[in-house]
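Below are the chains, spelled out letter by letter.
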Amino acid sequence: MKISDYLKEEFCIMELKSQTKEDTIREMVEILNKTGKIKDIDKFIKDILDRESLGSTGIGHNVAIPHARTDAVSGFLISFGKSIKGIDFKSLDGEPVNLVFLMGTNPSDLNLYLRMLAELSKCLMDNSFRKALFLANKPEEIISLFKKFEGV
Amino acid sequence: MPIRNILVALAGSGASFITFKYALYISKLLNAKLFAIYVIDEKTLTDLLKANVFVQKEVEEYKKDLENQGNSFLERVKNLSQQKDVDCRAVLLKGSVHDEILNFAEKESIDLIIIGELKELFSRKDIFYQPEERILRDAKCPVIIVKNQDLVERLFKEI
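Residue numbers (the numbering used here), protein chains in the order written: chain A, 1 to 152; chain B, 1001 to 1159.
No lab work stands behind these hints: they were computed from the structure. Heads up, some of the hints might be wrong.
[Claimed, not checked] Distance condition first, Cα-Cα at most 16 Å in a straight line; then the derived EDC-like pairs of lysine to aspartate or glutamate:
id: 1; chain 1: B; residue 1: K1140; chain 2: B; residue 2: D1085
id: 2; chain 1: B; residue 1: K1057; chain 2: A; residue 2: E52
id: 3; chain 1: B; residue 1: K1094; chain 2: B; residue 2: D1047
id: 4; chain 1: B; residue 1: K1043; chain 2: A; residue 2: E119
id: 5; chain 1: A; residue 1: K90; chain 2: A; residue 2: E30
id: 6; chain 1: A; residue 1: K148; chain 2: A; residue 2: D126
id: 7; chain 1: B; residue 1: K1140; chain 2: B; residue 2: D1111
id: 8; chain 1: B; residue 1: K1050; chain 2: A; residue 2: E119
id: 9; chain 1: A; residue 1: K138; chain 2: A; residue 2: E10
id: 10; chain 1: B; residue 1: K1050; chain 2: A; residue 2: D93
id: 11; chain 1: A; residue 1: K82; chain 2: A; residue 2: D5
id: 12; chain 1: A; residue 1: K46; chain 2: A; residue 2: E22
id: 13; chain 1: B; residue 1: K1057; chain 2: A; residue 2: D47
id: 14; chain 1: A; residue 1: K17; chain 2: A; residue 2: E30
id: 15; chain 1: B; residue 1: K1057; chain 2: A; residue 2: D50
id: 16; chain 1: A; residue 1: K17; chain 2: A; residue 2: D88
id: 17; chain 1: B; residue 1: K1094; chain 2: B; residue 2: D1111
id: 18; chain 1: B; residue 1: K1057; chain 2: B; residue 2: E1075
id: 19; chain 1: A; residue 1: K122; chain 2: B; residue 2: D1047
id: 20; chain 1: B; residue 1: K1063; chain 2: A; residue 2: E10
id: 21; chain 1: A; residue 1: K147; chain 2: A; residue 2: D5
id: 22; chain 1: B; residue 1: K1064; chain 2: A; residue 2: D109
[Claimed, not checked] Chain B residues, not near chain A, derived (Cβ > 12 Å throughout):
id: 23; residue: V1053
id: 24; residue: Q1082
id: 25; residue: D1085
id: 26; residue: Q1130
The beta-carbon is built from N, C-alpha and C at its ideal position, and this holds for glycine as well.
If we strip away everything but chain A, and leave its shape as in the complex, we get:
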């Protein structure tokens, strides 16, 4: 199971309009609405923000992975957003965030969700991979970078 099995071109935002953490989360949840897997969009956003209140998911290196396990969605969802200017995610290293991956899962798909988070975190530890994501201009480039990195 790979990120490239779940992250699709239509769920990649190559230039986020939002400038705050809350707006970014909303923008990235809204794009996932077309999956038809979101049962309650407001609750999904609230659950992600509640998770953020425990500690920022800005994990450093200009990356954030806001996420939630919630019954507001069915199955597993992931979207990608890029901000050239950077967003203040109150990251651990204090740096602005340029690459955001938003994930959500129904509690019944917890094992898959954990494997996906681990896989994503493994990919994002690679400097050159992060740089390539930042330099990509089109959604298809994002997908192709994941496929290449994951050896698909």
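Once you have looked at the hints, place chain B on chain A.
Leaving out everything else, chain B in the frame of chain A:
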């Protein structure tokens, strides 16, 4: 050498249930004791905590959820083994999946391990990351990989 102890490694999915049905079939056929093992993957939780993706409170919540899911899955397999009159011990373990399975197999003198179908390998590094691959390669006893759901369902009806 007779096969007395069989271990089936379960992950809580629908496919795992098929794996378990085949393990029941083999255990019944050989009159062997069956150990149904479900491992809570604490290693991944720890890795996510170290990577700052998770916070401690979240890890504790996930552990609890995974434990509940594991117990409920094992309850289902226990009921099924009672229906088929197979001696089955259901065990919930915590840690790194392949390590826990292999250590348990050694400790309980397991003669045969049964696992679900292997996931597709996309790169050589998958060999080191996928628990099923590691069980298959590192086990000290024979390992069966369960395939063909229709065949398993047919065999299961025979016992």
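Hints and how they fare:
1. B/K1140 - B/D1085: Distance of about 28 Å is beyond 16 Å: violated.
2. B/K1057 - A/E52: holds (12 Å)
3. B/K1094 - B/D1047: holds (14 Å)
4. B/K1043 - A/E119: Roughly 13 Å between the alpha carbons, so the hint for B/K1043 and A/E119 holds.
5. A/K90 - A/E30: violated (22 Å)
6. A/K148 - A/D126: holds (13 Å)
7. B/K1140 - B/D1111: holds (9 Å)
8. B/K1050 - A/E119: Measuring from Cα to Cα gives roughly 14 Å; hence the hint holds.
9. A/K138 - A/E10: OK: A/K138 and A/E10 at ~11 Å, within 16 Å.
10. B/K1050 - A/D93: OK: B/K1050 and A/D93 at ~15 Å, within 16 Å.
11. A/K82 - A/D5: The hint is violated at about 20 Å.
12. A/K46 - A/E22: OK: A/K46 and A/E22 at ~10 Å, within 16 Å.
13. B/K1057 - A/D47: holds (15 Å)
14. A/K17 - A/E30: Holds, at roughly 13 Å.
15. B/K1057 - A/D50: Status holds; Cα separation ~12 Å.
16. A/K17 - A/D88: Within the cut-off at roughly 14 Å; holds.
17. B/K1094 - B/D1111: Given pair B/K1094, B/D1111 is violated - Cα atoms ~22 Å apart, limit 16 Å.
18. B/K1057 - B/E1075: Not OK: B/K1057 and B/E1075 at ~27 Å, beyond 16 Å, violated.
19. A/K122 - B/D1047: It holds: about 10 Å lies between the C-alpha atoms, which stays within 16 Å.
20. B/K1063 - A/E10: Not OK: B/K1063 and A/E10 at ~33 Å, beyond 16 Å, violated.
21. A/K147 - A/D5: holds (9 Å)
22. B/K1064 - A/D109: holds (15 Å)
23. V1053: violated (5 Å)
24. Q1082: Fine: 25 Å to the nearest Cβ keeps B/Q1082 off the interface.
25. D1085: holds (30 Å)
26. Q1130: violated (10 Å)
In terms of the numbered hints stated before, the structure departs from hints 1, 5, 11, 17, 18, 20, 23, 26, listed from lowest to highest.
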